[in-house]
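> Read off the chains here:
2 protein chains.
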Amino acid sequence: MSRNASESNLAFRDALVSAHILAPSGVQGVYGKGPKFVAVFDGLDRFVTAAGRADEPEVFRFPAVLSRETLVRTDYLRSFPDLVGSIHGFEGSDADHAALLRSVADGSDWSVPLAPTDLVLQPAACYPLYPMAGGALPEGGRLFDVLGTCFRHEPSDDPARMQAFHMHEFVHLGTPDSALAFRDRWLFRSQQMMDDLGLTVTPEIANDPFFGRAGSMLAASQRERALKFELLATVSSAERPTAIVSCNCHLDHLTVPFGITLADGGIAHSACVGFGLERISLALFAAHGFEPDRWPRDVRKRLWQ
Amino acid sequence: MSRNASESNLAFRDALVSAHILAPSGVQGVYGKGPKFVAVFDGLDRFVTAAGRADEPEVFRFPAVLSRETLVRTDYLRSFPDLVGSIHGFEGSDADHAALLRSVADGSDWSVPLAPTDLVLQPAACYPLYPMAGGALPEGGRLFDVLGTCFRHEPSDDPARMQAFHMHEFVHLGTPDSALAFRDRWLFRSQQMMDDLGLTVTPEIANDPFFGRAGSMLAASQRERALKFELLATVSSAERPTAIVSCNCHLDHLTVPFGITLADGGIAHSACVGFGLERISLALFAAHGFEPDRWPRDVRKRLWQ
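Chains as they are written, first to last, in the numbering used here: chain A, 8 to 312; chain B, 8 to 312.
Don't take every hint at face value.
As a list, the in silico DSS-like pairs of lysine-lysine whose alpha-carbon atoms are at most 30 Å apart [claimed, not checked]: (1) Lys43/A with Lys308/B; (2) Lys43/B with Lys308/B; (3) Lys43/B with Lys308/A.
To be clear, the hints were calculated from the coordinates, so they are not data collected in a lab.
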């Protein structure tokens with residue numbers, strides 16, 4: 008990252024903290040949200056919900072934790088091992104507990120006796136849907152509205168890159184054609200939505216941050232096939248805009264592993280649009296200032312009507 | 008647990024799953040929430056928010072993850088080691104990644120090379136507040152509205168005992184007298200609220216589930232001092248009612264470790280009321296049936312007016 012971008016990140020973060028919009032937690036990329044942020048976030052979430060309501064999605068909400076087995080089946084560990092949050096717990100005796108407390112008192116690593124649970128942190132809001140939707144789809148496929156607490160282990164000073172964040176997604180399961188059409192419809196619709204909020208966005212072909220040497224080939228292939236589009240906006244830095252919305256075709260990557268098929272048994276595809284609620288909220292603060300009461304009337308009306 | 012209570016738990020859980028109110032995840036105590044549950048949950052959250060609004064709390068929202076250092080300072084590891092969720096991540100090379108993927112392919116434990124991050128799962132919605140509120144309180148103390156995603160590692164077949172759940176809390180920091188008065192005011196107010204929702208609740212002196220042999224003394228002391236009250240209602244089993252609201256005095260247990268003092272430097276106390284949003288939602292389904300459209304008009308009005 009350029010020195011200028013890094014300085015922009017820190018300056019924006021410090022300004023947000025000074026304005027009591029974000030509260031630092033002592034850990035990079037983990038923040039409390041103050042009253043102004045909560046008001047914007049909640050208004051934005053309603054705005055996103057309303058944008059999808061006409062299509063009558065099935066509304067599901069999942070916890071921040073995901074079955075370890077489900078994560079393995081998504082093949083996430085192949086692509087993004089560095090972002091995983093694995094949950095470990097204590098199942099010891101009174102004596103083990105005493106030893107753990109001695110480690111705490113010594114300031115040494117008290118997590119040594121912990122063992123992996125059957126849970127991990129959810130990296131994407133739509134992952135819990137796929138095991139639930141296994142089997143043959145109805146004609147026309149299925150459409151979901153999901154809002155999830157996601158985790159990606161990537162500590163950063165950029166307030167737009169949080170380790171814990173919320174994605175509000177609409178997810179379609181259907182034919183290859185309907186999945187592509189869904190993605191393209193939302194690519195258009197989401198640009199209109201961001202425009203309605205007074206945000207200037209640029210759509211770009213993008214790739215996921217695949218890990219390691221093999222990852223660069225996966226990224227190149229994803230870009231070549233134009234599977235992922237992102238809407239970029241200024242958040243921490245005008246020079247290095249941030250993806251605030253993504254529109255994705257997953258092909259059969261998440262349907263085949265979970266036995267999701269078309270009504271006739273054919274191969275189903277999935278697609279999703281994801282609204283990064285924290286990032287869009289921060290883009291609004293960056294665009295319109297730190298006093299939501301003074302934001303343009305149209306924007307306020309759309310968020311809090 | 009008695010055989011009857013266990014049967015009640017399973018019967019209630021299976022009925023909720025059949026009615027598409029809960030979706031199983033493959034892990035005990037971790038569920039997706041279907042459209043009906045989401046509508047009830049969201050209405051209930053607004054009802055709780057509205058009940059506290061007149062007191063003009065500072066509204067904060069925190070992520071599901073908490074600084075490991077903060078957890079240590081709360082002394083949670085002494086009392087509830089068995090409930091902790093510690094987050095571990097991967098910081099290895101391409102070669103380490105290849106080894107991890109071989110473990111996945113073999114079906115062996117792929118978490119071996121993971122190392123503890125500086126984060127844990129948040130066990131209580133109010134914990135992130137205390138480090139943020141360090142220093143001298145203003146006259147009259149402070150009042151917060153927090154809604155948090157909590158985690159406790161206690162797999163159970165009882166749908167009322169989820170590993171991942173949401174607490175909506177109001178938290179007061181102030182004098183010993185004002186903390187006690189706050190707790191008692193909410194003990195009264197929360198009973199009225201549950202009555203307004205058509206729920207029959209019983210207030211009881213309670214204790215936290217302290218770990219191990221030393222824990223039983225802590226529990227006895229907490230009960231003797233009447234620090235914790237719970238409102239019990241029928242959720243999975245009429246024989247074994249479930250705590251759906253808790254009203255707690257923490258004394259100086261969470262203020263002293265974080266340097267929170269009165270304006271004059273004296274010892275501050277904290278108190279909170281916590282509404283278990285999933286448990287109250289399930290109590291509503293248990294009391295009024297699985298079709299929220301047919302719930303009593305007064306209850307519907309309060310949730311969705």
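> So, for every hint listed, does it hold in this structure?
Taking the hints in turn, this is what the structure says about them:
Using a Cα cut-off of 30 Å, the hinted pair Lys43/A and Lys308/B holds, with the two alpha carbons roughly 28 Å apart. For the proposed pair Lys43/B and Lys308/B, the alpha carbon gap of about 16 Å is at most 30 Å, so the pair holds. Of the supplied pair hints, the one linking Lys43/B and Lys308/A holds, its CA atoms being roughly 28 Å apart against a limit of 30 Å.
The structure is consistent with each of the numbered hints, conforming to all of them.
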